[in-house]
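Trainee: Based on the sequences and whatever the hints tell you, model everything.
Protein chains: 2
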Amino acid sequence: MIVVQKYGGSSVADTDRIKRVAERVVQVRRDGHDVVVVVSAMGKTTDQLIRQAEEVSGIPPARELDMLLTAGERISMSLLAMAMHELGYTARSLTGSQAGIITDTTHGKARIIDITPGRINSALAEGHVVIVAGFQGVSRDSKDVTTLGRGGSDTTAVALAGALGASVCEIYTDVDGVYTADPRIVSTARKLQRVSHEEMLELAACGAKVLQVRSVEYARNHHVAVHVRSSFSYGEGTWVQDESEANMEQAVISGVAHDTGEGKLVIRRVPDKPGVAARIFTALAEANINIDMIVQNVSEDGTTDISCTVPLADGPRADLLLTALLPEIGAEGILFDSDVAKVSLVGAGMKTHPGVAAAMFSALSDAGVNIEMISTSTIRISVVVRAAEVSTAVQAVHDRFNLGGEVET
Amino acid sequence: MIVVQKYGGSSVADTDRIKRVAERVVQVRRDGHDVVVVVSAMGKTTDQLIRQAEEVSGIPPARELDMLLTAGERISMSLLAMAMHELGYTARSLTGSQAGIITDTTHGKARIIDITPGRINSALAEGHVVIVAGFQGVSRDSKDVTTLGRGGSDTTAVALAGALGASVCEIYTDVDGVYTADPRIVSTARKLQRVSHEEMLELAACGAKVLQVRSVEYARNHHVAVHVRSSFSYGEGTWVQDESEANMEQAVISGVAHDTGEGKLVIRRVPDKPGVAARIFTALAEANINIDMIVQNVSEDGTTDISCTVPLADGPRADLLLTALLPEIGAEGILFDSDVAKVSLVGAGMKTHPGVAAAMFSALSDAGVNIEMISTSTIRISVVVRAAEVSTAVQAVHDRFNLGGEVET
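From first to last, the protein sequence lines stand for chains V and G. Counting from 0, one number per residue, gives the positions in the first sequence under numbering that gives the first Met the number 0. Counting from 0, one number per residue, gives the positions in the second sequence under numbering that gives the first Met the number 0.
Derived from the structure by calculation, the hints contain no laboratory data. Since the model is a prediction, treat every value here as computed from it, not as a measurement. Careful, some of the hints might be misleading.
[To be verified] For the chain V half of the interface with chain G, some residues (derived, Cβ under 7 Å), not all of them:
| # | residue |
| --- | --- |
| 1 | Ala-52 |
| 2 | Pro-60 |
| 3 | Glu-63 |
| 4 | His-84 |
| 5 | Ser-306 |
| 6 | Leu-324 |
[To be verified] Calculated cross-link-like contacts (lysine-lysine; reagent style DSS-like; alpha-carbon spacing at most 30 Å):
| # | chain 1 | residue 1 | chain 2 | residue 2 |
| --- | --- | --- | --- | --- |
| 7 | V | Lys-108 | G | Lys-18 |
| 8 | V | Lys-18 | G | Lys-142 |
| 9 | V | Lys-142 | G | Lys-108 |
| 10 | V | Lys-43 | G | Lys-43 |
| 11 | G | Lys-350 | G | Lys-190 |
| 12 | V | Lys-208 | V | Lys-108 |
| 13 | G | Lys-43 | V | Lys-18 |
| 14 | V | Lys-208 | V | Lys-190 |
[Unchecked claim] Covered by chain V, per the in silico footprint, the following chain G stretches (three or more residues, Cβ under 8 Å):
| # | segment |
| --- | --- |
| 15 | 54-68 |
| 16 | 300-309 |
Even glycine gets a Cβ: it sits at the ideal position worked out from N, Cα and C.
Mentor: Here you go:
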């Protein structure tokens, strides 16, 4: 069986930690498995490289920024290969390009379009542990080095696990699994043993930082079983699996996620006529601004307010862009409010259990938290509240659905 | 015309210096030339990476060490490309592999066996400045990343200049050219305007650190004109050229080089019979110990002393190796003396000017310096003296041949 393991930056932050990772890898190898290890750059390396780029260039060209950043994984992966040798195991480190991670040409945010794992397979066949640089690939068209964006190493690992038919993709991180809520906010938050791909996708999209959204998407589409666990302990973490396998225990609610990284953008008194919303969101999309929730109320006096959430960093740019668009669309004004938070309740059982939304809203109301926006999917309910009330809100919702406890039953 | 420029680690030591290098490159570009820039890793990056390797591994596997070290040039080259963009010029950084530097598989000391500059040529044709990672290539057989060894960036630059038919290969360094002697020892040392490939080869092999021996060898074999100059000034440096062009001014002597990095190994009372010397030097070669001067005196009593110089770092190993061989070859003993220095006089005119050796030896004698070993080539005379007397020796020889002065006439 092939096991794919991914170690994040904090797991390989210095040479001592790299040695500890090597020891973990050896254990799996001793059990007779073939091992493919995906590594991130050491600790804060990527941030340091970005800082250097900013010292020489106002807006670093994307191709060169990718070339620069990929140096980070090159260092961690070759050091890990050396540490493996020191323990008596041969290892081969491979860059994204050498490992056959083929992407499109979108520098800084490339998408994997193919995996050609020829070199990985031959290295495994020769008995080596294979170590692959996370977060990077090579573009099919330009043959240039690309990166997958922040957290892209998760995606590398999941994609490799899928392409290699691995039995599991283990994601090692500094927390020991996926929790029913952020334990720093809710002391009784409970570690989940299993969660479905769909639920994890919603949790990740709603602010749970343990896994990157795109990697979960990839895992779902390619049916890859992901095991999220801590690189500092040997306990079981959380399994992220296909719904059929994950939900044998079928809890109605998986957890509460929150996100304080977005702001609320309101376009006031938009004329209620066809094509206006399309014009607004096309403009935002063309500026590469990611929109999350979109809420439009029922029109009353022939105008309506359209609200959406955007990443805080993009807020001022979105504000500027839409203000310039005001005359064309005939709206009254733009408000950008950075002082909000999103709280989301996620659970696959929601589909078949009515009343979840009502219970959530009343929990918030009982806690004195005002709801500013609401948006739902089949397995998620998200609300926007004041940023200052995020802890109260998360705690109240977590309590109402009795999500706490020591271990999931 | 294509100009190849190479900037060493001290020229790109930090982001400010990288910006200054970008400005220099722009000037050449403005003059209408195509420019290919070869860069080393920033400052002490390579040393830091080696230190990290040593933290995880006693003897780092060579393949992985090469993978690690090549991260250094990746960082400097992409930062330089960004700095070029900032000045309004587009640039493409290319790894050794992307630039078509094809080598053998000797990790850590790979030799360039081919250059396939397809990507360089198309990037130049598109109007980009091309920036190539020095010191690295890709092996033809294993497709693994290789390094050319310390100072390998000089070789990268010269090899590219040859393959691209460049008009000149400019080697930027922290000194402004090749001198008649080390200016730290001889205050009247004079910068040479021109020197032939052969002379430079002897000077480099005898301790002049300004150019790496292999790069000069490559330049000679491929008739590449090299211009050694300072990255901190705009003055002319020293041209290293084919003899026909370099020696229009035909000085008898080019300069005095010295080397304190070698020790003297004496094998005492070796039986004077065929095959013994071959046995000794085969053993050293198999242990990958580089021998420089070899001196054997005329045999008297059926035995002879064989002396050679070896790098100081290899001395103890060579001593051990030959001591084990003593019974087989029937010699009396091994002496290793690390307290020596080599002083060499180099000049293409020597060939046609008798009496140079005599003048050099009498200069040393007049200065009270004892000669322990002598070895000559057609354009070089080297002597081994006590390490403590190296400055006296260099100064005396430099004076005797009137090499000093402000500018070469």
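Trainee: Look at each hint and say if it fits the structure.
Mentor: Each hint tested on the structure:
Interface restraint check for V:Ala-52: the shortest CB-CB distance to chain G comes to about 6 Å, inside 7 Å, so the restraint holds. With its C-beta approaching chain G no nearer than about 5 Å, V:Pro-60 sits inside the 7 Å limit, and its interface hint holds. Interface restraint check: V:Glu-63 against chain G, minimum CB-CB distance 4 Å, threshold 7 Å, status holds. Residue-level restraint check for V:His-84 holds (minimum Cβ-Cβ distance to chain G is 5 Å; threshold 7 Å).
Annotation: V:Ser-306 was flagged as interfacial toward chain G, and the flag is violated, the nearest CB pair being 38 Å apart, outside 7 Å. Hint status for V:Leu-324: violated, given a least beta-carbon distance of 31 Å to chain G, over 7 Å. For the given pair, V:Lys-108 sits about 27 Å from G:Lys-18 by alpha-carbon distance, which is consistent with the 30 Å threshold. For the hint pairing V:Lys-18 with G:Lys-142, the CA-to-CA distance comes to about 27 Å; that is within 30 Å, so the pair holds.
Note on V:Lys-142 and G:Lys-108: the hinted pairing holds, with a Cα-Cα distance of about 27 Å set against a maximum of 30 Å. The straight-line distance between the Cα atoms of V:Lys-43 and G:Lys-43 is roughly 19 Å, inside the 30 Å bound, and the hint therefore holds. The straight-line distance between the Cα atoms of G:Lys-350 and G:Lys-190 is roughly 23 Å, inside the 30 Å bound, and the hint therefore holds. A distance of roughly 18 Å separates the Cα atoms of V:Lys-208 and V:Lys-108; the hinted pair therefore holds under the 30 Å criterion.
Only pairs whose Cα atoms come within 30 Å are accepted, and G:Lys-43 paired with V:Lys-18 is accepted, the gap being roughly 24 Å. Restraint check: the Cα-Cα separation between V:Lys-208 and V:Lys-190 comes to about 14 Å, which is no more than 30 Å; the hinted pair holds. For a cut-off of 8 Å, the count of residues in the segment 54-68 of chain G with a CB near a CB of chain V stands at 11, and the three-residue condition holds. Counting residues of the segment 300-309 of chain G whose CB lies closer than 8 Å to any CB of chain V gives 0, so the stated coverage by that chain is violated, three being the minimum.
The structure does not agree with the numbered hints 5, 6, 16 stated previously, though it agrees with the rest.
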